[in-house]
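Chains as they are written, first to last, in the working numbering: chain A, 1 to 314; chain B, 1 to 314; chain C, 1 to 314; chain D, 1 to 314.
Calculated from the structure, these hints are not laboratory results. These numbers come from a predicted model, not from an experiment. Heads up, a few of these hints could be off.
Note that the list lumps identical chains together, so a pair holds whenever it fits in one copy or between two copies.
With a Cα cut of at most 20 angstroms, we get these calculated EDC-like pairs of lysine to aspartate or glutamate [what the hints assert, rightly or not]:
1) Lys14 x Glu314
2) Lys24 x Asp103
3) Lys96 x Glu131
4) Lys11 x Glu314
5) Lys10 x Asp163
Protein chains: 4
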Amino acid sequence: MEYITDFRWKKGIKVEEYVEQLGKVGFQSIELKNASDIVIKMKKAGAKIFLSFTSNMVTSGLRGFFAQAIRLGLANIIVTTVGAIEEDIMRANGEKFVIGDFDSNDVALYEEGTNRVGNIFVRNESYAKFEDLMIPILQKLYAMKPRWPVSEMLREIGLMINDENSILCQAAKNNVPIFCPAITDGAFGFHLFMFQQKHSDFVVDVVKDFANIVFSTTHDEIKGLISLGGSISKHHAIFACLLNGGLDYAVYMTTASHSSGSMSGATTREAKSWGKIKDDSDAATVIGDVTITFPLVMIRAFEELSKEGIVKGE
Amino acid sequence: MEYITDFRWKKGIKVEEYVEQLGKVGFQSIELKNASDIVIKMKKAGAKIFLSFTSNMVTSGLRGFFAQAIRLGLANIIVTTVGAIEEDIMRANGEKFVIGDFDSNDVALYEEGTNRVGNIFVRNESYAKFEDLMIPILQKLYAMKPRWPVSEMLREIGLMINDENSILCQAAKNNVPIFCPAITDGAFGFHLFMFQQKHSDFVVDVVKDFANIVFSTTHDEIKGLISLGGSISKHHAIFACLLNGGLDYAVYMTTASHSSGSMSGATTREAKSWGKIKDDSDAATVIGDVTITFPLVMIRAFEELSKEGIVKGE
Amino acid sequence: MEYITDFRWKKGIKVEEYVEQLGKVGFQSIELKNASDIVIKMKKAGAKIFLSFTSNMVTSGLRGFFAQAIRLGLANIIVTTVGAIEEDIMRANGEKFVIGDFDSNDVALYEEGTNRVGNIFVRNESYAKFEDLMIPILQKLYAMKPRWPVSEMLREIGLMINDENSILCQAAKNNVPIFCPAITDGAFGFHLFMFQQKHSDFVVDVVKDFANIVFSTTHDEIKGLISLGGSISKHHAIFACLLNGGLDYAVYMTTASHSSGSMSGATTREAKSWGKIKDDSDAATVIGDVTITFPLVMIRAFEELSKEGIVKGE
Amino acid sequence: MEYITDFRWKKGIKVEEYVEQLGKVGFQSIELKNASDIVIKMKKAGAKIFLSFTSNMVTSGLRGFFAQAIRLGLANIIVTTVGAIEEDIMRANGEKFVIGDFDSNDVALYEEGTNRVGNIFVRNESYAKFEDLMIPILQKLYAMKPRWPVSEMLREIGLMINDENSILCQAAKNNVPIFCPAITDGAFGFHLFMFQQKHSDFVVDVVKDFANIVFSTTHDEIKGLISLGGSISKHHAIFACLLNGGLDYAVYMTTASHSSGSMSGATTREAKSWGKIKDDSDAATVIGDVTITFPLVMIRAFEELSKEGIVKGE
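Isolated chain A (complex conformation) (with noise of 0.2 angstroms):
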């Protein structure tokens, strides 16, 4: 039995320190020490672990996070929604986002050619530049070959990217292969349905990748999921691991409720039902904000692993 102790702040007190301290605290405190427990426990289990995040997290700062999760070894499969791909590939060019405000004034934003996603804002001629980049790449891929799994398209694209802060660039460098199940949604989409007017033998065939991310694992692996937000990043994650087995390890974060019985909300516990995650695993459900708590579980598992050599330090 454990008990709930009264936090107290010390001096310098380490991000290490702190969240171990959370683990006694109360409600998602408690929760999201135990999602940083876990996640150390399916890295040091030799856990593949699959890593799913919804765009908008890539709009934030948390997207140089991600590739140095990538680049140490933390991440082995990553899953998530074409908005991320864009805008990995817009910061990777020098875009810039700016920090704004929840309460704009929404239609003078749209009058000065701005975006706003929450608190931040993206500019209209980031998207302007964003298409001349895509299609000196689309040239590119289609040299290559007509047919591209989404997969293998965008290790090609993270190949051409030279940025140590970038999800595809770090992906393509240490084989970690992005599933992206809805490659039309977004701007990408629109690139590439030009480029196919033009040359009509153009196909992403999504159906191979879905055989990729199928055998990206297998049965006999020990299989783990840190799953970020909701929508189908999330949902393609549990279903590739449900197909080989299930997983061993869950993390869940989100803001979503369950009560609606919505993916983006169901918790690990709904899981089980499904053979998604195994009944003897460990599994936890954080909610609230990612960009806070996600950091807040990764840390403390960097450190941990790092000083045991399972991850790079840095």
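Based on the hints, put chains B, C and D in the right spot on chain A.
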């Protein structure tokens, strides 16, 4: 200036009157009445109406209501996720989903072969039978041609279904395209993959389907959206309209909060910064479980529009 | 075993039928129908029914509906916060609250003397006039005696009000006590304080009122609770029932989540660990905005109970 | 213009640096960093600082952190609910709360005498022992005088407690008043009631305590508020400041949404319409579980303020 008015029950009150009165109650009830007004306006204005929803809503009894909205001529274009397709086909095939409990013992459910979606139970055998259905369907499709845009494939499947309450059936009958940008993200994707293993030239052409959704409407047409829940269904419908100049009318209904910058929680106000929704459009965001709020919004719209002969009555 | 059933609109559908059908739709709609069943059962069983709500609901048009529930004999004991008392008195005095907008310019509102509660506006002058009302009321009360338990004070005030839609008026007329454990937390408290500055022996006896709520029911009586929102209104009603052996029937309706351990988000399931709700009780928790969900629950109950003559019809 | 910056872990990163970097990550992390800035500013400006919290936070390990904030001179006035008082006394008396599970079997917990608050367990015997403590305390108080304003009563109780981690103890030692507008809403209220049954002249004077909170600050003093959670604690602190001209600095931290018009979810923006927060004030609203976010906000404030000698270090 309009005033808050004391709500009172009158014996035999109809849903239409109820929603009318909600407009003077407060908080989300006001937004709900606004949403209903906007649906009526968009239809009267002759807008092309996009209806987007997530798969959990098709697991629920909203499925038949979506089919009815298509049959009565309210929705012109559907955008959804693949789980919705799967469950619509299962239900058309006679599968029954059970009214369950949020607080179930999930490990026990797993052992008895029951999968939980909130407080709805779907049995494993429903998925097994789905497999039996899919194989001949894919064979028929392949016999016609090897390369299929998603919406064209779904239309063909819809034509094979004979169930008045089926979304696919009604959509096919009424020439309403169904877009599903992440077609592989579920059991349907698994069967596509198995089929492609044997027929390597079989391709699902998602890029061509992007052209289809873009060409499903034009810059000059008046455009309206009713978006339920979040995820790529919401984004895809909005993005297709943005490419054609933005929405004239928009109703978002969701349980998600805007506080984390997610697409699921993005409001109609934020959408204006992007030009997704025009400055001078009619737009409302209703927070709440759509299994309760969506029928309220729509029943009042159906009552009013059927009186004027704009949708069929029944 | 009951099955999810496709929902379909029928022309002229009544609220009663609508709620009936929601029971087979899914997610919160099922819980809502359960809540309605439980309200019917508690009344048929002859339970003493506690109704608790927060002040924002009385700012809304639910005010008249609460008054109606008291008048029709549905609620036997009311627990609320002082803002509800203030706004009921203001409204009885002819003040009108304006239908506003969540996305208002709050600084501009301040400058024009308008206070915002979500999308409802209350003008400063409503508070100024409230002061004019309170002074003679307190003088009358003080002339009667110097020491007042809260519920007895509110009963006297209710007897001075002549407004069919007033909660205080109907409660006084129908011998329904109103408990308000934090009577000083608002403008009402300010006027009590000003009055006590001049009359130092004037005392509001909250401890005596605790006796009153405890003695308002007994161990042997069947007890039911309809709790709307959270806060001390919810807790106070539950706690009073716990001291008398716990609730036999309970409906919680709230927007809050249980994830942070708050009372507002506490579920009927958690309540069972305390004995607040008996093991074998009928209990339901409905997540959503009560301005939409509460009337749905109650209209069906009123329709059914009035047919059987258990509540009055109208 | 400030830009979103890629977050990266550095070995041994401190909480202070972490929060600093959150300011450039996005969504709630930006708001959290703003909140931390505002706490630093309000203290440097010499503001009288109100700290309000709900009882569930004192069930958690934040209890000791609140006591520390008082001891270090950060909070000048406390507003809370009675559950917080009860649990602080229990803990000071050696009671231990157990780290539990949100997904417990609540009926089984009841049978073993365990009460659940989210994922924290409090045993029945803790309440039984609380009764043994309260009787002599009330006798001592009554021997001093029969009529007690709440904050004066809580101060006397605080002086009887010897526990560095106790909120009441530290508040009494440091002349920080604790206001609790609903003092009867819990076990404490029950014991007051039992005592008054025997001593009918025993009175808790809540009206006098309203005077005390109003006079605890003045129109001319700079005023700041850190409000955690909602409920009357939040409202009472804000209202007391409104009567003295409104707040110069305000930080709201909550899990509630503004969409239902509740006080718990009311934002600092809405507060400006009331003049609760001055137009030109510094204000931030942070959405999330305070067991995680509040220590982050405060640790950075403590680190910075202790460097400058404005609060004590340790």
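Outcome of the hint check:
no.	hint	in the structure
1	Lys14 x Glu314	both (16 angstroms within a copy, 15 angstroms between copies)
2	Lys24 x Asp103	between (36 angstroms within a copy, 18 angstroms between copies)
3	Lys96 x Glu131	within (16 angstroms within a copy, 47 angstroms between copies)
4	Lys11 x Glu314	between (24 angstroms within a copy, 6 angstroms between copies)
5	Lys10 x Asp163	between (37 angstroms within a copy, 18 angstroms between copies)
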